[in-house]
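J.: Residues per chain are reported as follows:
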Amino acid sequence: MQWSQIKTLFILCFLILDIYLIFQFIEKQQAANIGLLEREEITLEQQLKDDDITIENIPEQRVEESFIKIRQKAFTKEDRNRLAKLPNQEAVVMNENHLIISQFKEPIDLPDKVTEEQLQEIIHPYILYGDEYRFGEWNKEKNVIYFFPIKNGRPVYFNPSGIIVFYLNDKNKIVLYTQTRLDKAEINSEKKPLIHPVEAVGRLYNNQLIASGDTVNKLTVGYQTAVPLSDGVQVFVPTWKITVNKEKSFYVNATEGVVFPSGDEDFLAEQLSNLLNRMNLPNKNVTWKTTVIDMLESKMRDLKKRSETK
Amino acid sequence: MKIEVIKSYALFILVGLSLILTYNIWTYKPGFDVHYAEEERMYVPEDDFFLAGDTLSLEDVIIPSTIIFHDQGKFFGFQEANDLKNIYREIGRWTIYDFSTGDSTGPPKHKRQIEIRYPTPLPMTIVPRLFTFDKGLKNLPSWSFNRIFMTFDKKQTMLKLHFMSIDGKQQATATIQQAEKYELLLNYMENKKTLEEYIPFQAKSDWYIYIPSGSVKKAKKSFSVDVEALNRAPNKLINALFSDPSLVTRNLTKENIANYTDGRQQLQIDSQRLNMEFTNPSQTQVKDSLNSIELIERTVIDINEHKGWTGEFHLESIDTADQKITFLMYQNGEPILGSNRTTIEVERRKQDLFKYERPLFQISDLIVEEMTELPSGEKIIQLINQSQYNLKDIQDIRIGYHLKFQDRSSYIFTLEPAWFMKYNNTWVEIQSDEDLIYKEVS
Chain A
1 MQWSQIKTLF ILCFLILDIY LIFQFIEKQQ AANIGLLERE EITLEQQLKD DDITIENIPE
61 QRVEESFIKI RQKAFTKEDR NRLAKLPNQE AVVMNENHLI ISQFKEPIDL PDKVTEEQLQ
121 EIIHPYILYG DEYRFGEWNK EKNVIYFFPI KNGRPVYFNP SGIIVFYLND KNKIVLYTQT
181 RLDKAEINSE KKPLIHPVEA VGRLYNNQLI ASGDTVNKLT VGYQTAVPLS DGVQVFVPTW
241 KITVNKEKSF YVNATEGVVF PSGDEDFLAE QLSNLLNRMN LPNKNVTWKT TVIDMLESKM
301 RDLKKRSETK
Chain B
1 MKIEVIKSYA LFILVGLSLI LTYNIWTYKP GFDVHYAEEE RMYVPEDDFF LAGDTLSLED
61 VIIPSTIIFH DQGKFFGFQE ANDLKNIYRE IGRWTIYDFS TGDSTGPPKH KRQIEIRYPT
121 PLPMTIVPRL FTFDKGLKNL PSWSFNRIFM TFDKKQTMLK LHFMSIDGKQ QATATIQQAE
181 KYELLLNYME NKKTLEEYIP FQAKSDWYIY IPSGSVKKAK KSFSVDVEAL NRAPNKLINA
241 LFSDPSLVTR NLTKENIANY TDGRQQLQID SQRLNMEFTN PSQTQVKDSL NSIELIERTV
301 IDINEHKGWT GEFHLESIDT ADQKITFLMY QNGEPILGSN RTTIEVERRK QDLFKYERPL
361 FQISDLIVEE MTELPSGEKI IQLINQSQYN LKDIQDIRIG YHLKFQDRSS YIFTLEPAWF
421 MKYNNTWVEI QSDEDLIYKE VS
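Quick mapping for you: the protein sequence lines, in order, are chains A and B. Per full-length UniProt numbering, the very first residue in the first sequence carries number 1; after that it's consecutive. Per full-length UniProt numbering, the very first residue in the second sequence carries number 1; after that it's consecutive.
So that you can see chain A by itself, here it is in the shape it has in the complex:
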């Protein structure tokens, strides 16, 4: 055999060998990647399934989001003029122009069945900057509706410096609301990958906040802070809002998986005691209806009783 023929033979041999090796390599790479990415999610998902916890509507894509920081915004003179012209209400601006408390002259009736969009429309004419807020939660037991401000395209959950709280009487009529407002959001970090929603549900499960038989209906990303400040710049963390059994919501920090001490009821208790203190101050611009104060006080008592039995 000649050298040239041997070379051809070698070329053929090595070609086959290389193709084989390339396949091997790709296979190995895939196996490792799947192992890394899927292993814990699959087992967690399986674990949740085994314990009869259903997760509906899992967002498919990995979500990335940045931290934001926001100051509170005071209501300007112009705001106050506009507020005075809003229909059917007596309003005062308190706390160095940071807080609106407004009482409806004629309580606003809400239909029994109402969608979020309808609610938005009903309320819109009665509030300032209605476009900045979205429906958040409705605590049917305590008759309170929360509207969260939308910042960086996502809601900011339960922040005393930026929220509208509607107080309803037991006939499903809104009698009073309070409003605070956040300034424009400032981006505090580049976008960071958030923990997988199943992982977030896993955190609740591990903390025994959800139990066998529960259904997770909705997973959305918003913002929350564990350190609410009354003045100054607040930092907000991307947070998974996890709605369970269509009634209860939990908030899980979406970068480190820490479960925020949730419970709108603690928040409500704080808001109510603040509100009642302010309403008890003499004010020449508005006379609070005794029925309204009675209603708020009864809500407050109700909340206190509950926290004591806990």
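Treat the hints with caution; some may be incorrect.
As the list claims (entries may be wrong) - List of simulated lysine-lysine pairs, DSS-like, C-alpha gap at most 25 angstroms: (1) A:K73 <-> B:K2; (2) B:K254 <-> A:K184; (3) A:K7 <-> B:K7; (4) A:K184 <-> A:K142; (5) B:K2 <-> A:K7; (6) B:K422 <-> B:K324.
In short, the hints are calculated from the structure, not lab data. Predicted, not measured: the structure shown is a model, and the values here were computed from it.
Given chain A's structure and the hints, the job is docking chain B onto it.
T.: Frame of chain A, contents of chain B only:
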């Protein structure tokens, strides 16, 4: 001819490729996908999160509050707090034999014996960390002790150790057999060279507190604060404590407290009081707890991580129910009791710090020192007996320092010696005024 050259090149490339591929298959390790935000953590040079302190180990912070020599019904203690520390350190290095546990009818009542007292109950399982044993100890009991007695065995010229359980119903015994150690301690007993007389104060039927007899001379000292270390501390702590320092935003409250937060964790630095408080809300629902050894160990490690032992600190209390641990600042072996800003307080939720409070100032140079005289131990007992205090709630009486800032702008403070008592877990100054006004230490 040309084809042959091309073939040679092709062969060369193919051989090379096969080698590269083989190498890659052998060494392939999956690269970590960015899965958690933690992996994105910035690298921070070590110097940027080390405070100007030391790293310590567990036995460096667990120091007895007193060592009392019982001698034929009389009591003696060290004049200098540093002597106590030195002898205790030495005892810790002696080899201890014949460890055994059993029931007890109470502390030993030898004519001559030494009593070592700790400020807080310690679990028996910590004993191997504090002392040197001839062999590994097995089946350590679960009870806690806060007193060790050492008795002299004349016949065999050896020392016997008795670890007493808190309720006095159980004890562990061991021996130190070297004659020279026996002689050393006996020498203290007989010569009483560095010792002074103490008198007992009976707080409860079975609980005596020993305090120095006669009037006490102690130095009142003025120090300067290491201002440079103080100014650098906030930045270092941010790097040391936050998961991602780049997210931290600073706010100044109306009370002049700097508030650093990333939306979850919070660090408050009070430049008036020169202390800080870090809170790290985590899985509040989880009530898993650490036992007392883990609690001390994890905390010492955490503080070591940023070289946070910026002075002399001794373990003051462990609270396993609240998962809380307190270290008290000392100066030259004597506690600084008259101030709540001289303690490091840590509350944990498992592996994580939940709350961390500590002083930020560091004692630097001694400026002046002048001798003062404190009322005698006898006088103090008299004062307490005449007071409204419930004797059975008095846990300890000590001489300590009161920390006072003289001049805030120049960062000079004074340590003033005074009598204190631990009343319901709080150190209270015993005022020696004739009108017996007692001041609560807030």
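J.: Determine for every hint whether it applies to the structure shown.
T.: Hint-by-hint comparison with the structure:
1. At roughly 80 angstroms between alpha-carbon atoms, K73 (chain A) and K2 (chain B) are farther apart than 25 angstroms, so this suggested pair is violated.
2. Proximity of K254 (chain B) to K184 (chain A) is assessed by CA-CA distance (about 23 angstroms); at most 25 angstroms being required, the pair is judged to hold.
3. With a CA separation close to 7 angstroms, the supplied pair K7 (chain A) and K7 (chain B) stays within the 25 angstroms bound.
4. Of the pairs offered as hints, the one joining K184 (chain A) and K142 (chain A) is violated, with about 31 angstroms between alpha carbons and a cut-off of 25 angstroms exceeded.
5. For a cut-off of 25 angstroms, the pair hint linking K2 (chain B) to K7 (chain A) stands: about 14 angstroms separates their Cα positions.
6. This hinted pair checks out: K422 (chain B) and K324 (chain B) have alpha carbons roughly 18 angstroms apart, not beyond 25 angstroms.
When the structure is compared with the earlier hints, violations turn up for hints 1 and 4 and for no others.
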